[in-house]
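Chains as they are written, first to last, in this note's numbering: chain A, 1 to 213; chain B, 1001 to 1306; chain C, 2001 to 2475.
Hints in this document: simulated from the structure, not taken from any laboratory.
One or more of the hints may lead you astray.
Okay, derived cross-link-like pairs now, DSS-like style, lysine-lysine, Cα gap no bigger than 30 Å in a straight line [to be verified]: (1) C:Lys2358 / C:Lys2348; (2) C:Lys2348 / C:Lys2084; (3) C:Lys2092 / A:Lys197; (4) B:Lys1033 / B:Lys1046; (5) A:Lys30 / A:Lys197; (6) B:Lys1026 / B:Lys1050; (7) B:Lys1033 / B:Lys1050; (8) A:Lys197 / C:Lys2358; (9) A:Lys87 / A:Lys197; (10) A:Lys87 / B:Lys1026; (11) A:Lys30 / A:Lys87; (12) A:Lys30 / B:Lys1285.
If the Cβ cut is set under 8 Å, some of the chain B residues that face chain A in the computed set are [to be verified]: (13) Asn1253; (14) Ser1273; (15) Pro1284; (16) Phe1296.
Far from chain A, by Cβ distances over 12 Å, these chain C residues were calculated [claimed, not checked]: (17) Tyr2133; (18) Ala2177; (19) Pro2357; (20) Gly2393.
None of the values given here were measured: they were computed from a predicted structure.
All residues carry an ideal CB built from backbone N, CA and C; glycine is no exception.
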Amino acid sequence: MIHPVDTMLALALLSILFSFGSSRLPSLIKVVGFQGIVVCIVPLFLGHGLSPESVVFSIAALCIRGILIPVCIYVAIRKAAITREVKPIVGFHASIFFGLILMVGATMASHRFDVAADHISRLFLPTAISLLGAGMFLLMARRNAIAMVLGYMVLENGIYLVGCAFSQRVSHITEFGILLDILAGVMIMAVILRNMKTTFNDLDTDRLRTLKE
Amino acid sequence: MVESIALWVLALVSAPLFAGVILKVKAFFGGRKGSPVLIHYYTLQKLFRKGSVYSHSTTFMFRLGPVISLAVAATTLFFLPMAGHRPVISFNGDVIFVLYILGLSRFFTICAAMDTASPFEGMGAAREAYFPIICEASMFMILILFYRLTHLLSFDGYLSGENPLILWKTAGPILIFVVMSLFIILLTENSRVPVDDPATHLELTMIHEVMVLDHSGPDLGLIELGSVLKLFFYSAIIARLIFPFETGVLVLNLILFYTGILVVTTVIGVVESVMARYRMDRVPKFLLTAFSLAFFATIITLEFLR
Amino acid sequence: MLEMIFLVPFIIGITAFFLPRTINRLLLVLTGMVHLFLSVAIWVNSPAAFFPAFFAVSPEGTLSLLVISLLFFLISVYTLTYIKETPIPKEKIFIGFLLLFLSTMSMATLSDHIMVLWIAIEATTLASAPLIYTHHTVSALEATWKYVLICSVGIAMALLGSILLSVSLDAGKVNAAISFSGLVAVAQSLDPRWLKAGFVFILVGYGTKMGLAPMHTWLPDAHSEAPSPVSALLSGVLLNCAYLGIFKTSKIMHAAGLSDFSGPILIIFGLISIIGAATFILRQTEYKRMLAYSSIENMGIIAVGTGIGGFAAYGAIICLIHHSLIKSSLFLTSGNILLGSGTRLIEKVNGLANRAPKNFVAFFGGFIAISGFPPFGLFLGKVIILITALKAGHFIAAGIFIFSLCVIFAGLANSVMRMSFHPADPSLPKNIPEHIGLLWPQYTLLAASIILCFWMPASLQETLVQAASTIGGGF
């Protein structure tokens, strides 16, 4: 365990557990932002042709995932007339246990693939799969709208790692386009959240149950 | 062997000092001068000079509790490699033995508390029985990890000489999580702040303190001594992990070891000063953090050692 | 300069945020015209792209582009009158995003690079979200939230699928561009395991956007809460763009000889959508939602057609085009009905035949068309799919297909008859005002559907066949 990528990925995995355990929105936002930073640093250590443009891209990605998006969400909930609780559907203890089981499952699942990045770090695929699962879990197991947006971000982080793990083909232009899309998506979600806040004075998605069938 | 026993005696003698350090740090954060660092020596001295008061409704169980808790705490130190020196007793599997004699001591403390038939003490006993369950799970997770790393089951194999350094080399930064987990276990087992407040005065919120309310005089002294020894025991484990170096000179090792313990106790003091006690229902989550950290470290390390 | 087609509306859309609204309205129609002109030019000339790695002309893309252009032009004309009739808050933003929406959809039709297609389709979600929230009501907020979240998460799955597709290149040890045309060219040597995984994820991802059940939950909400011109665009063109992603991936699967794997999955998703739509249409109380479920049904039919492949793929593309024409006309008319009667409930709208005869003709004509009656083109598409299904031996699928279509027809007929002929409450106004500017786009669309059923320009026919032949269609 000498490679820095391992440390990064271990931190990303740890951030999953913390995101499952955090009951307050600000801390959840911080954890997801931290996760974004860690995930964006990983490609820098992968070692294949560290061209200036890839460094610039990684830094841009880091700024967007790690700083801009969390700040954007944070601004949306600032001046909190809203409750800052995450409102779990699945309790925190159960969530943390689920996180641990998820990691074990992801590790077992990752043995079935042979991946290009495996020689760099054995943790690569388990982390990516865990992030995907974690994002889905946050989307399903939290009632608070912001927690759901953050779940979406975790999911995107996981996809980004899958992209890094498997394929070095994707050009920076398209990756940047994807990143911009995600940024714009989160911004639009943040605008919706603001409107939701002013309309309901709350971000509980239980209030969004009027449209049916 | 003589050196080991000498170190053990030194540990017994020095243990109350570190409990005093915590109080000093807390006083510093509180902006007070605080009690002297040697306060626990004075307290013990005072307590041992007094006589004991026993309620009519108690039995021999009540008197047995303090004795066993001190005996157990002293015994555990036999197995602990002080300053990287070989411990007094060591055999393969002693880790499990130590964990369970700690359980034995808890059993007798709980029995002694129940013996008084005081509802407060019963409540404290219930909590005392509940929280360590999760701690034990975390402890065993860490043991599994250490076993996978060293293929040994003794404190000697983990902590003496160069062994902690080897642990770091094989497990790497992951060991930080283990240290964090151990620290949480330490806070819980020794009834420190986010879990329990040793300075509280309300029986309803107490865990450990409430169980010893009815003890007095030398009995209380025995309990106090036992608890500082227990604190010393856990701090020493963490100290060896955060300062894993082996200098080869006993005096240097000792200085390093005691600095480590000083660091741990100072951190405890800082934690106690900056954190508030958790609500009772939040405590399991805190303990679960320890468990998940340990579990997490185990998964990751197993993945590497495959 | 292929890229002009989406750059022009993009730039105009951005500037529209800053211009006064009289100019904006003019710009909207003008852009619609220019766009129509440009897409016809692309269809005729198929010019080379400035970035050939990212964009290319494909037959299915050109077809969709033509449909988008035509619809957008007509809808922009409709919108012009619609805005005058019913005030829209923050009109600048509405028109700006309408143009951006056009730009992103055009981009989706022309993308050849897998990731660029993903970017474009995600961008359509983002550009259309503010449009759904135009009226700033609580239910619109809910619909927008569901739309953005469900579609974003769904499309994230498609991104994963796209990455897996590119993994199949690495695993198959071939070197080619990660574009659809490039992958089709080397399809045989791609690693089939990753290709299959990628297809499933892309189907789930773009299927969410396309409204395939069970990922369709956002669709009825968004379609019913959006202003009618936007509903028409969503249903008429946006779903097509998402379908394009699935179609192009099916093309790769077909070229790799994996249609045995991809076909049944598509058929199953399609049938689930049809059955789901049938159950919900039967007890629907709002007419816009009813139309939305009918969109789900048609997307299901198209998915089934694509899954069966061969001649049915040709039928699927016919369905795609005609569904766009007919459904957008229906949504526009439903907008008129909503304007006139002020309610979305079916039971509150009565006696349309007497109260608003011109709207009634457009609505009833649309209903006949969407139910698959001749002389409208949807009939042709459905019959082709059904015949091919029977020929290929998909008897159970064909049975479910026919049964569900009957149920849907019954459900639609029940509601439409009630709206049209049920004696109107005397308290309601005798006549609903009918504005000609809010009518002729629908008539044009329906007429286009009839004309295309009987006579198709040879070049259009050729493009159609080309598109279908890439997934084993054609004759």
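Checked hints:
1. In summary, the hint linking C:Lys2358 to C:Lys2348 is supported, as the alpha carbons are separated by about 19 Å, within the 30 Å threshold.
2. Proximity of C:Lys2348 to C:Lys2084 is assessed by CA-CA distance (about 25 Å); at most 30 Å being required, the pair is judged to hold.
3. Straight-line distance between C-alpha atoms of C:Lys2092 and A:Lys197 comes to about 24 Å, which keeps the hinted pair within the 30 Å bound.
4. Distance hint between B:Lys1033 and B:Lys1046 is fulfilled; the C-alpha atoms sit about 22 Å from each other, no more than 30 Å.
5. For a cut-off of 30 Å, the pair hint linking A:Lys30 to A:Lys197 stands: about 21 Å separates their Cα positions.
6. With a C-alpha separation of about 28 Å, the suggested pair B:Lys1026 and B:Lys1050 falls inside the 30 Å cut-off, and the hint holds.
7. Restraint check: the Cα-Cα separation between B:Lys1033 and B:Lys1050 comes to about 28 Å, which is no more than 30 Å; the hinted pair holds.
8. Our distance criterion of 30 Å between C-alpha atoms is broken by A:Lys197 and C:Lys2358, whose separation comes to about 43 Å.
9. For the hint pairing A:Lys87 with A:Lys197, the CA-to-CA distance comes to about 16 Å; that is within 30 Å, so the pair holds.
10. Restraint check: the Cα-Cα separation between A:Lys87 and B:Lys1026 comes to about 35 Å, which exceeds 30 Å; the hinted pair is violated.
11. Simply put, A:Lys30 and A:Lys87 have alpha-carbon atoms about 17 Å apart, close enough for the 30 Å limit, and the pair holds.
12. Between A:Lys30 and B:Lys1285 the CA atoms are separated by roughly 19 Å; this keeps the pair inside 30 Å, and the hint holds.
13. The interface hint given for B:Asn1253 is violated, since its Cβ lies 27 Å from the closest Cβ of chain A, which is over the 8 Å cut-off.
14. The criterion of a C-beta within 8 Å of any C-beta in chain A is not met by B:Ser1273, whose closest approach is roughly 21 Å, and the hint is violated.
15. The criterion of a C-beta within 8 Å of any C-beta in chain A is met by B:Pro1284, whose closest approach is roughly 7 Å, and the hint holds.
16. This hint holds: B:Phe1296 has a C-beta 6 Å from the nearest C-beta of chain A, less than the 8 Å allowed.
17. The beta carbon of C:Tyr2133 sits about 7 Å from the closest Cβ of chain A, which is not more than 12 Å, so the claim that it is off the interface is violated.
18. Non-interface status of C:Ala2177 relative to chain A is broken: a Cβ of that chain comes within 12 Å, the nearest being about 9 Å off.
19. Every CB of chain A is more than 12 Å from the CB of C:Pro2357 (nearest about 31 Å), matching its label as outside the interface.
20. C:Gly2393, annotated as away from the interface, keeps every beta carbon of chain A farther than 12 Å; the closest lies near 35 Å.
Of the numbered hints given earlier, the model fails hints 8, 10, 13, 14, 17, 18; all others are met.
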